[in-house]
Amino acid sequence: MSSVAEERIKILLERALEEKEEDVSTALKIAESHNIRLPEGFGIRICNGCGSFLHPGRNSEVRVSSGTVRYECDKCGEVNRHGYR
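Using our numbering, the letters of the sequence shown correspond one by one to residues 9 to 93.
There's no promise every hint is true.
[Said to hold, decoys possible] Taking lysine-lysine and the DSSO-like style, the derived pairs with C-alpha atoms no more than 30 angstroms apart in a straight line are: (1) K37 with K83; (2) K37 with K18; (3) K18 with K83; (4) K18 with K28; (5) K83 with K28.
If you're looking for bench data, these hints aren't it; they were derived computationally from the structure.
All chains should be modelled from the sequences, with the hints used to inform the complete structure.
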C-alpha cells in the first residue's frame with residue numbers, strides 16, 4: 009500500500025514544480041497518513057510556515073553562506089535553514 013502512496017506523492021510533488029500549490033498539501037497529507045517520508049530533495053523545497061512549494065527566484069529568496077542554505081518564503085516570511093557539505 010505504501011508503494012502506491014509513494015508513487016502518488018512523487019507525482020503530486022512533480023506537479024507542484026509546475027505551480028500547482030494545492031498538490032503540495034495533498035502530498036503532505038498522504039505522507040502523514042501513511043507515515044512515509046517525502047522523496048529525496050523535496051522536503052527542503054516546502055516552506056515550514058505556510059506549506060507552499062519554494063521556487064527559488066520566483067516565490068523565495070535563497071542565500072548560501074558558510075555551510076548553510078537559507079530559503080526565505082516571500083508568502084509568509086518564514087526562513088528555512090539547511091546545511092550542505
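Comparing the hints with the structure gives:
1. K37 with K83: Distance of about 21 angstroms is within 30 angstroms: holds.
2. K37 with K18: holds, 13 angstroms
3. K18 with K83: Satisfied, since the Cα-Cα distance of roughly 24 angstroms is no more than 30 angstroms.
4. K18 with K28: holds, 13 angstroms
5. K83 with K28: holds, 15 angstroms
Checked against the numbered hints given earlier, the structure satisfies every one of them.
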